[in-house]
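Q: Here the protein sequences come in this chain order: A and B.
Each step along the first sequence adds one to the number in the working numbering, with nothing skipped, and position 352 is 352.
Heads up: take any position in the second sequence, counting from 1, add 537, and you land on the working numbering.
Simulated from the structure, these hints should not be mistaken for lab results.
Certain hints may be false.
As the list claims (entries may be wrong) - Pair by pair, the computed Cβ-Cβ distance ranges are:
hint	chain 1	residue 1	chain 2	residue 2	range
1	B	Val699	A	Ser18	57 to 63 angstroms
2	B	Leu700	A	Gly401	29 to 35 angstroms
3	A	Gly357	B	Val699	55 to 61 angstroms
4	A	Gly357	B	Glu909	32 to 38 angstroms
5	B	Pro664	A	Gly357	49 to 55 angstroms
Everything numeric in this text was worked out from a predicted model, so none of it was measured.
Ideal Cβ positions, reconstructed from N, Cα and C, are used throughout, including at glycine.
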Amino acid sequence: MADQRTAGTDVPAVRLTSISKSFGAIVACDQVDLALHRGRIHGLLGENGAGKSTLMKVLIGLVLPDRGTIEVDGERCQIRDPHDAAGRGIAMVHQHFSLVEPLTVWENVMLGDTGRFDATAARRRVAEISEHYGLGVDADAKVGDLSAGVRQRVEIIKCLRRDPSILIFDEPTSVLTPGESERLFDVLRLAVRDENRAVALVSHKLDEILHATDEVTIMRAGAVVRRMETADADAPMLARAMVGREVSLRSEASALGLIETVAASAGEDEDAHHSETGGVADSGTRVPALRLRDIVARGLDGRVSLDGLSVDVFDSEIVGVAGVEGNGQSALTDLLSSLMGVDAGTVEVDGVAVQPGRPGAMSGAGVAVIPEDRHASGCVLDMTVAENLFLVDIERISTHGIYDPAVMRQDATRLIEDFEIQTAGPDAPFWSLSGGNQQRVVLARELSYSPKVLVAAQPTRGLDVGAIEWMTDRLRQVADSGVGVLLISSELEEILQLSDRVVVLFRGRIIGEMDRADVDLEELGLLLGGAGAEAAA
Amino acid sequence: MSEQQVPQPAAKSAEPAATAPAPSRLREAGVAAGMYLGCIAAALLISAVIVWLTGGSWQAVFSALLDGSLRAPGRWGETIGIAIPLVVVALGTAINGRAGVVNIGQEGQLMMGTAFATYVGVRMGGPGPVVIVCLLIVGALAGAMWAGIASWLLYWRRVPEVLTTLLLITVASQISGYALKVDWLLLAPFREDRSVRNQVSDQLAGDTRLPRIDIWGNDFPISAIAVVLMAVIVFLLFKRSVWGFRMRMLGRNARTAQRAGVSTVKYGTNAMLISGACAGLAGALMLSGGDFGNYRFTPGFANNIGWEGLLVALVARSHPVGIVIVAFSFAGLRAGSGFLAATGVEREISQVVLALLVLALLVPPAILFIRERRRALSATRDRT
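Produce the entire structure from the sequences given, and follow the hints as far as they go.
A: Listed below in C-alpha cells is the structure:
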C-alpha cells in the first residue's frame with residue numbers, strides 16, 4: 001500500500017492538461033484536465049454526451065485534440081494513433097467489442113500482429129494471462145460461442161498481453177450481468193493493486209463508480225464539474241453533480257423551479273398544456289391513448305428485455321422514458337413497431353387491445369414510431385422520397401389496390417414543403433437525403449396517418465443542432481395537437497426539456513415515475529443508476 | 538452507447554452539400570445503352586477472332602446465327618415460340634426477386650408443371666378448349682406446389698430457399714422420369730408410333746393444342762399474345778399496385794415492411810408460389826404450344842428453359858418490358874445456334890461464340906447493379 005501511495009503522489013502515469021475538442025459546432029471537451037495515477041482506479045462519471053468517451057479517445061489516439069497537452073510519465077508527447085498509444089503503454093477496452101466470431105480466442109488475441117508468430121507460444125500466453133487474473137478463458141474456444149462477459153475478458157486479454165501501464169475501460173459493464181461486473185472489478189483490483197497499473201473506468205452508473213474506484217472525476221457538457229476521492233462521495237452527491245446543470249436556454253427547468261441552484265433568469269413562457277395536464281393524478285378516469293400492462297418480452301437471444309413493464313400515455317402529453325441505454329429501450333420501440341411479440345402483458349391503444357408482433361398491428365391501431373435506427377425499421381433506402389412518405393399507409397391514396405404515382409408525387413410534394421425537407425424532389429432516392437432530412441421524412445409520414453400515439457425513440461440522435469431544435473419543436477406541436485407522445489431517450493436533457501411526465505426505465509421495467517414539476521434531479525439520478533430498483537420490484 | 542455517436546454525424550451533416558443530386562434518368566439510360574453496345578461489339582470481335590484463328594469463317598458464323606434466328610423463312614416465328622416460356626419464367630422470377638425471396642428451381646417447377654399438364658391433357662377428355670384451359674391451370678398449380686415446398690420449409694424451419702429450390706430440381710426430374718416409365722401415369726400406350734419402350738408420353742390430341750398464328754410463313758402459338766399481355770400486367774402491378782409496392786418494400790427492408798403491415802411469411806410465400814406457378818405455366822405452354830417436343834412430354838423436355846428464364850430475369854434486371862426483349866434475344870440465340878452446325882465450324886467453337894454473346898448481355902446489368910449498390914452504400918455510410 002505504501003509504495004502505491006508514493007507512486008500516486010509522484011508523477012502521474014498520464015496527465016491531460018486543458019484538452020479541448022469540438023466537432024463542428026459541438027464542443028465535446030472544453031479545457032479538460034485529468035490525471036491518472038499508478039495504482040489507482042480513476043472513475044470518469046457523466047451522462048451520455050458529457051464528453052467522457054471523447055476524452056478517452058484522445059488518450060488512445062483515436063481523436064486528435066484541438067488544444068491541450070498530454071504527458072505520459074511526465075514526458076510531454078503527442079499520441080497520433082492507437083499504435084502510438086500502445087507503444088506508450090496505453091490500452092483501452094472498448095464498449096463495443098472488436099472480435100472475430102468464427103475465430104478462436106487466441107487467434108483473436110493475435111490479430112493485428114505482424115511478422116512471424118508462434119501459435120503454441122500465443123496459446124500459452126493467453127492461458128497464462130487468463131490464469132493469472134483468474135479470467136477463466138479457454139484459449140481454444142471459439143469466440144462466437146462465448147457470452148458477452150467472457151468476450152469482454154478476451155478483450156481484456158488483448159490489452160494485458162502488451163503489458164500496458166495504463167488501462168482504459170469504456171462503459172465496461174453495459175453488457176454484463178451483475179455477477180460478471182463483480183468479477184471484472186476483481187480483475188481491475190488485481191491489475192491495480194499488485195501490478196501498479198493506472199486504470200480509468202468510464203461509466204454512468206453511480207454504484208459501480210462508488211464500488212470500484214479510488215477517485216472520481218465528474219464531467220458534464222464537455223467540462224469537468226467535480227473531482228473527489230471516492231471515499232468522500234456518496235450517491236446523491238454524485239447524481240447531483242452528474243445531472244445538475246447551469247441554466248439551459250431552451251429548458252423550462254428553471255421556470256418550473258426545478259433546479260434550486262439556478263439564478264432566476266429564465267422567462268415565464270411555459271407552455272399552457274403543462275399546467276393543464278394532470279399526469280398521474282386523474283389517470284383513473286381517462287382512457288389512455290396508449291396503455292402497456294405488465295409486458296414481459298424476450299429478445300432474439302432469449303434474454304428478458306422487458307420485464308413487467310407498465311406505462312400509460314394520455315393524449316396531449318409527452319411522457320419521457322429516461323434511462324441508461326440497454327435497459328430495454330430498443331425492445332420497447334420494437335414492441336410498439338410490431339416487430340416483437342410478448343410473453344405476457346397487454347397493449348391497448350385508446351382502450352382497444354392490440355396484438356403485439358402481428359405485422360402492421362401497431363401502426364394500424366394508430367401508433368406512429370420514429371425509430372431509433374431509421375435505416376433498420378423506419379425507411380427503405382432504395383425507394384424514393386415519395387414512396388417512403390407512403391410506406392405505412394399507401395392505402396390512403398389507393399382504390400381497389402391500385403394507386404396513382406402522380407397522386408403520390410403530388411401528396412409527397414406537399415409534405416416535402418410542409419416539413420421543409422431538403423431534397424431534389426419526390427423522386428429522389430431516399431438515400432440521397434441527409435440524416436436530418438431523412439428524419440423529417442419519417443416524421444412527416446408518421447404524422448400523416450393521424451396517429452393517436454407517437455413513439456419517438458432517440459429522435460435527435462445524430463442530428464445537428466438546427467435539426468434537433470426543429471425536431472424538438474415539432475414533437476411539442478404534435479402533443480399540443482392531441483397526440484400522446486412517448487419519448488424514449490438517453491439524453492436526460494431532452495427528456496427534461498420536453499416531457500410532462502418522466503418515467504425511469506431500468507432493466508426492462510419502470511422503476512420510477514414523477515411529474516415534470518416534481519422532478520428531483522438527485523432522486524432521478526439515483527433511479528437512473530438503478531437505486532430503488534429493489535423497492536419497485 | 539455514448540457520446541461519440543453524437544458529435545461526428547452532426548459535424549458531417551452540417552456540411553453544405555446536404556442533398557446529393559439525383560442522377561438524371563436519361564443520362565443513366567444512355568450510359569446503359571452504351572454499355573450494352575460496347576459489350577456486344579466486344580463479344581462479336583472476340584468471337585470473330587476465335588473463329589478465324591481456328592480456321593473457320595466468321596462471316597459464315599454470324600450469318601448462320603442471323604439466318605437461324607430471323608432471316609431464314611419461318612425462323613422468327615420459331616424464335617417467338619422459344620421466347621414464350623422464357624418470358625413467363627422470367628416474369629415469375631422478377632416477382633419473387635422483388636419480394637427478396639430467391640427461387641432458382643424454375644427448371645424443376647417447369648418439369649412438374651409439364652408433367653401434370655400432360656396428364657390432364659392426355660387423360661381428361663371433353664371439349665378441346667376446356668382441356669387446354671384445365672391443363673394450363675393444373676400446370677401452374679403443380680409449379681406452385683413445387684415452389685411451395687421450398688417456401689414452406691423456409692418459413693417453417695428456416696431452410697434456405699436457395700438450397701431447397703435448387704435441390705428440388707433433381708427430385709422433380711426423378712419423379713417425372715418415373716411417371717414416364719409407368720403406363721398408369723404418363724407413359725404412352727404401346728402403339729406403332731412408339732416403336733421402342735422409351736420414356737415418352739402420349740401426344741396431345743389435335744383439339745387440345747394451342748392454335749397457332751401464321752404470319753408470312755412464320756407461325757407461333759397464340760400464347761405469344763397472352764404472354765405480352767402478361768408482361769404488361771406485371772409491369773402495371775409493379776408500377777401501380779399496392780401489392781407490388783409492398784412486395785418491393787419487403788424485398789428492400791423486411792423490418793420496415795413488417796412494421797408497415799407486410800407479413801414476411803404471407804407475402805414471401807405468395808411471391809414464391811406465383812414464381813413457381815409461372816414456371817409451371819411455362820411448362821404447360823411449351824407442351825401445348827408445339828415448339829418443344831412435338832406435343833409430347835419426355836425426360837429432356839425442359840431443355841434448360843427454366844434456367845434460361847432465370848437468366849433472362851437477371852439480365853433484364855426484373856423489368857417486365859426488358860424481360861420480353863431479352864427473352865427474344867436469348868430465344869434468337871437458341872434458334873440461331875441450330876444453324877451453326879452447317880457452317881463447318883466445330884461445335885465447341887460455336888458454343889464459345891454463343892456463350893460470349895450471353896456474357897455480353899450479362900456484364901452491363903452486373904456493372905449497373907454494383908454501381909447502384911456502391912452509391913447507396915457510400916451514401917448511408919456518410920449519413921449514419
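Q: The structure should be examined with respect to each hint, and the outcome stated for every one.
A: Structure-based check of all given hints:
1. Val699/B - Ser18/A: 57 to 63 angstroms: holds, 59 angstroms
2. Leu700/B - Gly401/A: 29 to 35 angstroms: Holds: the Cβ-Cβ distance is about 34 angstroms, inside 29 to 35 angstroms.
3. Gly357/A - Val699/B: 55 to 61 angstroms: Given about 27 angstroms between the Cβ atoms, the range is violated.
4. Gly357/A - Glu909/B: 32 to 38 angstroms: holds, 33 angstroms
5. Pro664/B - Gly357/A: 49 to 55 angstroms: The hinted range 49 to 55 angstroms holds for Pro664/B and Gly357/A, with Cβ atoms some 51 angstroms apart.
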